[in-house]
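Student: Could you slot chain B onto chain A? The hints should help.
Protein chains in written order, with our numbering: chain A, 1 to 646; chain B, 1 to 646.
I should point out that these hints are in silico values taken from the structure, not numbers from a laboratory. Don't take every hint at face value.
As the list claims (entries may be wrong) - These stretches of chain A come out as covered by chain B in the derived footprint (C-beta under 8 Å, 3 or more residues): (1) 230-237; (2) 400-407; (3) 415-426.
What the hints assert, rightly or not - DSS-like cross-link-like pairs, simulated, lysine-lysine; straight-line CA separation at most 27 Å: (4) A/Lys-30 to A/Lys-11; (5) A/Lys-611 to B/Lys-611; (6) B/Lys-30 to B/Lys-11; (7) A/Lys-533 to B/Lys-611; (8) A/Lys-611 to B/Lys-533.
We treat Cβ as the ideally placed atom computed from N, Cα and C, and that holds for glycine.
There are 2 protein chains.
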Amino acid sequence: MAESAESKPDKSVLAGIFDGEYADLRDRVKGFLVERASFLQQAEEWTPSEYREQVRDVVVEAAETGLTAAGFPAAYGGADDVGANVAAFETIALGDLSVLVKFGVQFGLFGGAIHQLGTERHHRAYLADIAEARLLGSFAMTETGHGSNVQALRTTATYDADTGEFVLHTPDDDARKDYIGNAACHAQAAVVFAQLVVAGENHGVHALYVPLRDRKGRALPGIRIEDCGRKLGLLGVDNGRIWFDQVRVPRENLLNRYADVDENGVYSSPIENPDRRFFTMLGTLIQGRVCVGGAGISASKVALVIATRYATRRRQFGAPDEPEMLLLDYGQHQRRLLPLIARTYALTFAQARLARDFRSIFSEGHGGDGGDEERRRRALESRAAATKALGTWHATRTIQECREACGGVGYLSVNRFAALKADTDVFTTFEGDNTILMQLVAKGRLTELRHEFGSLDYRGMALYVGQQVVETVVEKAYMRQLIERVKDAVPGRGDAEGDGGLLDPEYHLAMLRWREDHMTAGVARRLKGGIDKGGDPSEVFSRCQHHLLGAAHAHAERLVLEAFLTTIDGLPEGPERSLLESVQHLHALAEIERDRAWWMEHGRLSTERAKAITRTVDDLCRDLSEHALTLVEAFGIPEQLLPRGM
Amino acid sequence: MAESAESKPDKSVLAGIFDGEYADLRDRVKGFLVERASFLQQAEEWTPSEYREQVRDVVVEAAETGLTAAGFPAAYGGADDVGANVAAFETIALGDLSVLVKFGVQFGLFGGAIHQLGTERHHRAYLADIAEARLLGSFAMTETGHGSNVQALRTTATYDADTGEFVLHTPDDDARKDYIGNAACHAQAAVVFAQLVVAGENHGVHALYVPLRDRKGRALPGIRIEDCGRKLGLLGVDNGRIWFDQVRVPRENLLNRYADVDENGVYSSPIENPDRRFFTMLGTLIQGRVCVGGAGISASKVALVIATRYATRRRQFGAPDEPEMLLLDYGQHQRRLLPLIARTYALTFAQARLARDFRSIFSEGHGGDGGDEERRRRALESRAAATKALGTWHATRTIQECREACGGVGYLSVNRFAALKADTDVFTTFEGDNTILMQLVAKGRLTELRHEFGSLDYRGMALYVGQQVVETVVEKAYMRQLIERVKDAVPGRGDAEGDGGLLDPEYHLAMLRWREDHMTAGVARRLKGGIDKGGDPSEVFSRCQHHLLGAAHAHAERLVLEAFLTTIDGLPEGPERSLLESVQHLHALAEIERDRAWWMEHGRLSTERAKAITRTVDDLCRDLSEHALTLVEAFGIPEQLLPRGM
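Okay, chain A solo, but in the shape it has when bound (with noise of 0.2 Å):
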């Protein structure tokens, strides 16, 4: 460690970092879950039936404190402030995550859709009772044939002429609406998204607010209801299967605000090019994603405090006559859990760098559809899809190491193991399927994406970078910044430097951007080769995939930690500072020897300085070990979140 400091570093500064300007906001949050904290344990004992019931009354009570709609508008019950609904789901994000998903489905997913899709009628109309939850909702997107692939989506909302009203129709079982949360049990209404037949012609997917129930709680005439039933995990959450059978909604239930039909069935919208509109109301529609991925961040801190505090408890073998050995003090164990923990800030630093980015972009008011705006849109989406990827892949693998390395204490649901690996499971694959996110990142970065090329299919894209970008773009101007980058921009290249500059944050980042830069070039040039050479294009695309989600990678990597290193440009000197440093050349590090095949493979790295890598994370981690207790506590995680006696 380059620490020179007198003083101990303090997890209360560390924590004042990681809370940043909502601290007062994940306080209050705190609070509202400590009061609860046997709700984590109780959860344990009740049935599905009981388990959801207890969650729809804590989010009843969330409604109550205040807690719920910042997004809102002021008017509505909300604050205007987007950031606080980050904020407060990355907090709620340490205690039950039932609650926490039933939260996102009423406030973020049914309240969000209508905030950002409905116009000053809906919003009139519903967030007030939304926000207090008065009223319950769902948002209908998925069907049982297509989650990823939302543009194919087959449930029809068909414009009535006469009588100036919408009928949703669910033609199959294919296009059900599935998995739908707040649905099987308490939801009056939903958000459905349909194909939007107006005279005839399809205008693609739109938004409609359609009611499900009614005051008692029976499903609508018309509409049927089913129980998805038991899932892996987040078992209080009611999730279920919706079918329409000519389901009327008056024509004002469009959700108008990108497209609208008016009184004489005239389809009007803004925007004309349809894949262009798909893709700004689904935009919109982000902050789902942007607070999944900080959930899955606060998931890992949980299972890291656990683990660590274990292994800084636990002893097991050792020499005779002495006392038995710490589990941290193995270097295994120092190797299992160190990078994990470095690889958390670094995620969580990322997170607060996008949570800033939507914050900013969906603060300065709807409808400025200008180009800046529009690339600021596309770079957030890009950013949100990536941290979402590698936060919530994160979490599956930080508690599965944790859960092992606590051996079978971690197995006992009291420890909360349990409940974490199973409630975050389906992370990686709600809000977007994290290799599908990782393709729209792909899909960025060699395309600079623009509107009109931003639908999924692959054909498209394939075409498009065959023919147009690799040329224009790629080959002209990027190519030339890759190779300037390559000659002067990777300092350390040789044997002759030995271990010189590994701890050089440049170092890392020149190395990321490398990687990055040449993947990218590298995949569209195999994409062009392919399409020149007169391939298929589903093939073509098909056996370049791997290689452009490497490419997706290694973008992201050098996002988390360009992230990271702004973080600690902004901080004073000190103890707390020098420990950062430290965790932050461990993170890049870990990440430059866990792909060091790539670098040496491509020239970038010579093998006598892959392995000095190596020696470092390992006295990194052992370095970092006497310290690891209060990066962990640093995250700041109510004692009373936490088991007894582990």
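Tutor: Same frame as chain A, now just chain B:
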């Protein structure tokens, strides 16, 4: 693929290779499971106590079929065939895993301990009742304070010469028996491991037969039993904690195969060295470890069949006006599933080899303590440890990947991943924590393990390795071999050969052998160097532990590959053999790709060849995806045990 055959590979031919000589037994067990196929779905709905009762009933029914105790002596309801035990266990693992574990505790651990550690008087008294499930029991080894470090257990069994009894006692809560399967509800007795104290002298850990409950199921005087409470999985197994307060059992209850106390209160054992005695006793209990690895592989198969079928049915995204693409036609999806399928084949063959060795050694009768038997047993223990660790880690990874590859559908309990994930999660922990087991493997490699150094104490090991083995065994004999191998045995080392030889199994094996030898010698040098410089042995060991475990992995992977190659060598020419050859290529190259950085760092792999390996893995995944269904259906999992309509 090297396939030149005119006919397609036949899955039933492949299945025959898997099932081996126990095909009939496996079919009978499958029949038993199919009759109870509804159990899998019902289990999701039962309360834990209902589930436990149902599981007990199934175990009792299994006993009635005679499937339960093939390894016991024929005189007591068995068939003197421990190989059948393993085959039965591997097959039961296709069904509910609480049933599997309860079955394993009753017949394998409890019955097995009495069989292996007891003598004729115990066999006569208990084995038939155990085989027929009239006597239900526990295996009470683990304590709260000691799981992995069994030698440090603190329960005592003190001989009272006046009454001719042993007095069992739990000194404090840290020494209570913990996580004991079958104990919370059903066990009438237990094999209890305790420090045996005779005339004031502690002779180390021994096993005793101890009644726990009376006919009405009440704990006997002096015995306290507590439920461990809710667990992450295996909810149908009643794990409990046991305290003994001066509990007396007759002298004859000592399981006295390896040590006895005579009527005069004199302790004696045919094995003088206490460490050696302890490890000999433990070594006889290896069946559990052999079985759990096999069960992990079986569970992986279930997950892979489900995910592969889904991938050949589910479509998502595609070109306009064409059917959407099948998941399995995506390059990334092939990359996700095919290497796991290939590795499952490899591990199945490694497991089969292990089971054969186990049967061969344990069917030759007991008591042969000659040098050759000794070496064979040590080799078996190392192989069992390696296979158990690899098989169970593979299960965790495979089931997770398959769940994610099925998206939200994979999250529904009805599709089996929920229970598979939860129930197998502890497989990496019980029957020997995987990290500890790999340490055992490494130690075996380093020291050509002898009984005298059989303790898991790292200090003894580091000292021993430092002072003796490196000089005598490793440096002289071993290093020479190593150098020879390096010079001669790695074909295709240079760039000049391009892709040549990448599909040559001799190349794969030479690469894996070279890594194993080089890593083992390297860690031996580091340990010796650390000790020679006067380092604290604990510190030296801790710093080398990650490297040490790398050497263990390298050894384990070589064993797995050899088993695959031996299996193929024994097959007739034909389409099935051709297919298996391609599967073997994928398995070996995926492993070399995964760790290619290491070979590059050590000058055994050029960067161009490393890139060629990645391309070849891509190609193999694509080529084999056409046979993916055949490959997984060859696992022979009955249709009734698989989810419908996926």
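Student: Are the Cα positions of A/Lys-30 and A/Lys-11 separated by 27 Å at most?
Tutor: The given pair, whose Cα atoms are some 17 Å apart, holds under the 27 Å limit.
Student: Does B/Lys-11 sit within 27 Å of B/Lys-30, going by the straight-line distance between their CA atoms?
Tutor: holds (17 Å)
Student: Straight-line Cα separation of A/Lys-611 and B/Lys-533 no greater than 27 Å?
Tutor: holds (22 Å)
Student: Given the hint that A/Lys-533 pairs with B/Lys-611, test it: the Cα-Cα distance must not exceed 27 Å.
Tutor: holds (22 Å)
Student: Measure nothing beyond the straight line between the CA atoms of A/Lys-611 and B/Lys-611; if it is 27 Å or shorter, mark the hint as holding.
Tutor: Holds, at about 20 Å.
Student: Is the listed coverage of the segment 230-237 of chain A by chain B valid when you require three or more residues with a beta carbon under 8 Å from a beta carbon of that chain?
Tutor: With 4 residues in contact (Cβ-Cβ under 8 Å with chain B), the coverage given for the segment 230-237 of chain A holds.
Student: If you count the residues of the segment 415-426 of chain A with a beta-carbon closer than 8 Å to a beta-carbon of chain B, do you get 3 or more?
Tutor: Contact hint for the segment 415-426 of chain A vs chain B: holds, 6 residues under 8 Å.
Student: For the segment 400-407 of chain A, count the residues whose Cβ lies under 8 Å from any Cβ of chain B; is that count three or more?
Tutor: Held - the segment 400-407 of chain A has 4 residues with a Cβ nearer than 8 Å to chain B, which meets the minimum of three.
The earlier numbered hints are all upheld by this structure, with none contradicted.
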